[in-house]
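Position chain B against the provided structure of chain A, taking the given hints into account.
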Amino acid sequence: MAQRIKDLLDEAVSGVEPRTLDPAAAVARRRRAQQRRRLVAGTFAVLGVLAGGALAVPQFQRDSSPPPVSVIDRPLPVPHFADGVLVSGGLRLPVPPGWQGITGGRDRSCADPDRTILIPDTTGDPENSWSACPRAVIRVVVEDGEMRAPAGAVMTDDGLVMTPPISLTLPGGEPAWVSNRISEADTSRGDYDLQVVLPWSRTTVYLGTSLAETRQILGSIRTEPVDAGRLIVPDVPAVAELIASDPADPVHPLRGKTTETTKLFEIVRVLQDQRDPVPDSEACAGPEQPGMRLDIGTAHVVITLGGKCQEAVSSQGGRVRFDDDAVAELKQIFGIER
Amino acid sequence: MNGFTDFVSARYPALVRYGTLLTGDRGHGEDLTQEALVKTYRGWQRLGFPADGDPEAYTRQVMARAAWRAGRRLWRREVPAAAPPDRPTPGDAYAHRDTAEVVLAALRELPPGQRVVLVLRYWAGLSEQEIATQLGCSPGTVKSRASRAIATMRRTPALADAFTLTETS
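Just so you know, the sequences run in chain order A and B.
Going by my numbering, the first residue of the first sequence is number 43, and it counts up by one from there.
Going by my numbering, the first residue of the second sequence is number 426, and it counts up by one from there.
With the rest of the complex left out, here is chain A:
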């Protein structure tokens, strides 16, 4: 009866007509826009370096110099294996004994996908990118785009809302955002699927290993993060959205969104007022803590809540302590305080 399903799917889109009258021109515009974005990003990186040099002298001359702004505008990492360790940005993932590391598109042997770490070649021909070992249980991918915390979605009266983020501090201090609470893994089908996003290293690790192996591998990871500093966020964002757990309703998160200029400036001010960087050795955000997701322009900030370990991490760099007053102020600006 597969034919009946195909017929239904065919019927579902038989009346769909493109909105674009000149698709070739639309594709060309989209391609040019992508090129412009890359150019602008490169220009800002250069300007950032130049500005840092120019500002160095005045900072030394002041008694109360502001904490350093984190600088992570390094080139996009190229993940590779070195001496039995997978290296990608600040990530150091040792290949476990008896396992193999494979780089997609080059090394084609894949004897045991259940014990293989794959670096897919996502820059080349998609036909070949995964063919080295398509069933490798660990895949490490560098993202040439905005880094966001993984999310589920919950249906609310306003439509689908992303779930609050889950944080993890990797050995060495690099922040990571994970798709699942590791202790709540569902291993009933014999496998475990976890996504670990390292925003500063612009690297995502996909683990399809068992829970026990996952714990072992996460424990073996070492990181060499860039120095923490104040949060980097766009000065003039066009939109901001805050998603936070609702203490009164554990299933449905609270959501606030704004495009009002005055509110956006207030949000940027709140973030930039947080001037107590968290050193790598003191970072402590863990998956057991509730979290808030703040998307502001092209930056994605995760605020981990609770007790003595309340931190905010920006995808564009920076990690600071985030006090209760700042949390309350953000919620008030977005109108979601309870």
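Honestly, the hints are just simulated from the structure, not real lab data.
Misleading hints may appear alongside valid ones.
[Said to hold, decoys possible] If you anchor each label on the Cβ, the simulated ranges turn out as follows: (1) B/569 <-> A/152: 17 to 23 Å; (2) A/379 <-> B/452: 29 to 35 Å; (3) B/573 <-> A/318: 43 to 49 Å; (4) B/482 <-> A/223: 20 to 26 Å.
[What the hints assert, rightly or not] Computed footprint of chain B on chain A; a stretch qualifies when at least three of its residues, placed anywhere within it, have a C-beta under 8 Å from a C-beta of chain B: (5) 54 to 64; (6) 281 to 291.
Here the structure is a predicted model, which means the values were calculated and not measured.
Backbone N, C-alpha and C fix where the C-beta goes; we use that ideal spot for every residue, glycine too.
Positioned in the frame of chain A, the structure of chain B alone reads:
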């Protein structure tokens, strides 16, 4: 570029329909199509299109992978809606249009990973192994996603027959 404009002009509507199935949404489907076509454009000369390769197959593969990756990245832990949207009753005057809307609405309710597998398995007619190779996952993952997708689609009354009989075929 030689042949690219002709290819886009000729195949764009069909690709948008494919994108609509992969995303469950007309707008997102067209967006997915244009993103994939940018990649096709970049690879046009390197991959020898159209003489030495099939640009449409390449574009469709890019689309499927992008839809699959989007699912892994954003929508991993969907929680079903407490109250499903209204469904048309049998015998409606606009039965054709409504069937299309019902199917698309049901597709939208699927997690992206399940939706992509469903489309590749039952619309494109690929085997589980072929889908696994294309998406870079295990055949077991394909099988379980397809099974869950069928079960979810079956919950829609208007589609229950088609998706129930599947299990016995």
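Here is how each hint holds up against the structure:
no.: 1; hint: B/569 <-> A/152: 17 to 23 Å; in the structure: holds, 22 Å
no.: 2; hint: A/379 <-> B/452: 29 to 35 Å; in the structure: holds, 33 Å
no.: 3; hint: B/573 <-> A/318: 43 to 49 Å; in the structure: holds, 46 Å
no.: 4; hint: B/482 <-> A/223: 20 to 26 Å; in the structure: violated, 40 Å
no.: 5; hint: 54 to 64; in the structure: holds (count 9)
no.: 6; hint: 281 to 291; in the structure: violated (count 0)
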